[in-house]
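Please model the entire structure based on the sequences and the hints provided.
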Amino acid sequence: MTTKMTTSKAAGTSGGPMVKAEGVHKSFGTAHILKGIDLEVAPREVFCLIGPSGSGKSTFLRCINHLEKVNAGRLSVDGELVGYREHNGKLYELRDKEVAARRRDIGMVFQRFNLFPHMTAVENIMEAPIQVKGESRAAARERATTLLDRVGLADKAANYPSQLSGGQQQRVAIARALAMEPKLMLFDEPTSALDPELVGDVLDVMKDLAADGMTMIVVTHEMGFAREVGDSLVFMDDGVVVESGHPREVLGNPQHERTKSFLSKVL
Amino acid sequence: MSVDVDKSAQPPADAPPPQPEPLKAIPVRHYGRWVAAVVVLGLVALLGRAFASGNVNWDAIPQYMFNADILKGLRNTLLITVLSMIIGIVLGVILAVMRQSKNPVTSTVAWFYVWFFRGTPVYVQLFLWFNLGLVFQYIDIMPIYKDEWSDFMTPFLCALLGLGLNEAAYMAEICRAGLNAVDEGQTEAAHALGMSHAKTLRRIIVPQAMRVIVPPTGNEVINMLKTSSLVIAVQYYDLLQAAQNVGRDSGVVVEMLILAAAWYLIATTVLSIGQYYLERYYARGSSRQLPLTPLQRAKAKLSGGFNRSAGGAA
Numbered sequence: 001m002t003t004k005m006t007t008s009k010a011a012g013t014s015g016g017p018m019v020k021a022e023g024v025h026k027s028f029g030t031a032h033i034l035k036g037i038d039l040e041v042a043p044r045e046v047f048c049l050i051g052p053s054g055s056g057k058s059t060f061l062r063c064i065n066h067l068e069k070v071n072a073g074r075l076s077v078d079g080e081l082v083g084y085r086e087h088n089g090k091l092y093e094l095r096d097k098e099v100a101a102r103r104r105d106i107g108m109v110f111q112r113f114n115l116f117p118h119m120t121a122v123e124n125i126m127e128a129p130i131q132v133k134g135e136s137r138a139a140a141r142e143r144a145t146t147l148l149d150r151v152g153l154a155d156k157a158a159n160y161p162s163q164l165s166g167g168q169q170q171r172v173a174i175a176r177a178l179a180m181e182p183k184l185m186l187f188d189e190p191t192s193a194l195d196p197e198l199v200g201d202v203l204d205v206m207k208d209l210a211a212d213g214m215t216m217i218v219v220t221h222e223m224g225f226a227r228e229v230g231d232s233l234v235f236m237d238d239g240v241v242v243e244s245g246h247p248r249e250v251l252g253n254p255q256h257e258r259t260k261s262f263l264s265k266v267l
Numbered sequence: 001m002s003v004d005v006d007k008s009a010q011p012p013a014d015a016p017p018p019q020p021e022p023l024k025a026i027p028v029r030h031y032g033r034w035v036a037a038v039v040v041l042g043l044v045a046l047l048g049r050a051f052a053s054g055n056v057n058w059d060a061i062p063q064y065m066f067n068a069d070i071l072k073g074l075r076n077t078l079l080i081t082v083l084s085m086i087i088g089i090v091l092g093v094i095l096a097v098m099r100q101s102k103n104p105v106t107s108t109v110a111w112f113y114v115w116f117f118r119g120t121p122v123y124v125q126l127f128l129w130f131n132l133g134l135v136f137q138y139i140d141i142m143p144i145y146k147d148e149w150s151d152f153m154t155p156f157l158c159a160l161l162g163l164g165l166n167e168a169a170y171m172a173e174i175c176r177a178g179l180n181a182v183d184e185g186q187t188e189a190a191h192a193l194g195m196s197h198a199k200t201l202r203r204i205i206v207p208q209a210m211r212v213i214v215p216p217t218g219n220e221v222i223n224m225l226k227t228s229s230l231v232i233a234v235q236y237y238d239l240l241q242a243a244q245n246v247g248r249d250s251g252v253v254v255e256m257l258i259l260a261a262a263w264y265l266i267a268t269t270v271l272s273i274g275q276y277y278l279e280r281y282y283a284r285g286s287s288r289q290l291p292l293t294p295l296q297r298a299k300a301k302l303s304g305g306f307n308r309s310a311g312g313a314a
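For the protein sequence lines, the chains are Z and V, in the order given. FYI, the numbering for the first sequence is 1 to 267, going by the working numbering. FYI, the numbering for the second sequence is 1 to 314, going by the working numbering.
No lab work stands behind these hints: they were computed from the structure. Computed from a predicted structure; not experimentally measured. Glycine is no exception: its CB is placed at the ideal position from the N, C-alpha and C atoms. Be careful, since some hints might not be right.
Below are the DSSO-like pairs computed for lysine-lysine, each with C-alpha atoms no more than 30 Å apart in a straight line [to be verified]:
1) V/199 <-> Z/69
2) V/199 <-> Z/97
3) Z/156 <-> Z/20
4) Z/97 <-> Z/69
Coverage of chain Z stretches by chain V, computed from C-beta distances (three or more under 8 Å per stretch; other residues unrestricted) [said to hold, decoys possible]:
5) 127-141
6) 175-183
7) 203-214
Right under this line is the structure:
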């Protein structure tokens, strides 16, 4: 984990907040999951989302790269609306191609890793740069090797996901997302599916990334990580933001009853 | 005789640990197996005697086994099987993807195709292709080609279209099941990386769907080989037609049917063996250890003798 990659894009290009949500609503059928989310994520910030399961934190994360469609409100990444284009006061739905183009700049790490099982670790990382950016195989392989080294898995390049432990798979998944040189990284409970002794390796990679200035939104149950690395923290419950602030403040001195009762169970 | 001991927990063979004393026990005797074997052998013997003494000219079968007409029929049967399956697979994949499309027109078209071709007997479809000249008198692809339908629609083309288009409907369902079997997270991961829908399908979903698609496709090939005998309806000269012709001309009708059955059995056996190894190939990566091939199993048995604990990996 010695090779640093400068995340020059992390500052964003708009000069404004990296992610801005105003009154974001989302429902699945009759289930109202997000009930008006307002928040801002600054460039280079490590932004932690905590809350009980079903509170809508993962759904919100998935809205940011348009894996879910927002029903109401405005959600923008680096000054650009997610999933829509605004012209003369009207919203136009983006075509699949345009949505895909915007997703290039947003990396996502899943709870269940979702590595491609029919490709080796290095092939997993090379896939998107070759297929999406049209990079040459040689260049993609070089970058993939550097990234694998960065996440401490240089010797696992030729292994298939089924031959890797959960923690190793997740670190490959992070490297895969980084290969697209994103300006924003989304982490959806990246350590929840891991054996306890494997969590540390993944968190180390994330800390390393944070220290490097990457803008990160992390849905997590790792309060230690939030406290140590996070710049701001939001507690969500039942589709709304209950409390937000600096992680040390919120975790150390929660103001709301719901926050207190949640933290008393997880801390 | 000794009984199985669990060897899996022991270290590799290069450092043999002190072997524990094998357990000595008298195995359960399975008398029912001996009784069943005697009964089955008896029945087979009776059946064999009946056929041997029946009014069948057995010598005709080896005599006509490699008859030129029979071989031509066999070649045509194999040809139509292979070509129909190619049409079926290619069109089936296209239909499966169409069916999943977000475009309501393409998905509806695919649905109707499968509905029609799966819902009517292939025998009827073959007849329909044969008689389509009643609807279309000429085929006229303006600058390139113009001909009477009956000249254009040869028995070969009838058989090919009839079997191939019917097969496509079944292959479409098999492919759709395969595509659906791939975890949703794979699509999400690919989309999150900025891959387009088409790229996701081609690079991520289809390669993983193959594992589910290949085994039933092998079944379909074997099925097609036998179904192809229906092309007699459009006067295509296949194995069954050849056998019937030869049988009629030489006065060995039943014998030639048995011969045809033998050739079908030989062909399906060869295909089954191919299918076994193909499935084994596509199972790689999904299971930690591949099952032994029959050959390897036989070797293991021979080297292990009757002492089963010495069997295992050959």
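Right, here's what the structure says about each hint:
1. Between residue 199 of chain V and residue 69 of chain Z the alpha-carbon distance is near 22 Å, which keeps this suggested pair within the 30 Å criterion.
2. This hinted pair checks out: residue 199 of chain V and residue 97 of chain Z have alpha carbons roughly 11 Å apart, not beyond 30 Å.
3. With a CA separation close to 38 Å, the supplied pair residue 156 of chain Z and residue 20 of chain Z exceeds the 30 Å bound.
4. Restraint check for residue 97 of chain Z and residue 69 of chain Z: satisfied, since their Cα atoms lie roughly 16 Å apart, inside the 30 Å limit.
5. Coverage of the segment 127-141 of chain Z by chain V holds in this model, with 4 residues showing a Cβ closer than 8 Å to a Cβ of that chain against a need of three.
6. Counting residues of the segment 175-183 of chain Z whose C-beta lies closer than 8 Å to any C-beta of chain V gives 3; at least three are required, and the coverage claim holds.
7. Given a C-beta distance limit of less than 8 Å, the hint that chain V covers the segment 203-214 of chain Z is violated, as 0 residues qualify and 3 are needed.
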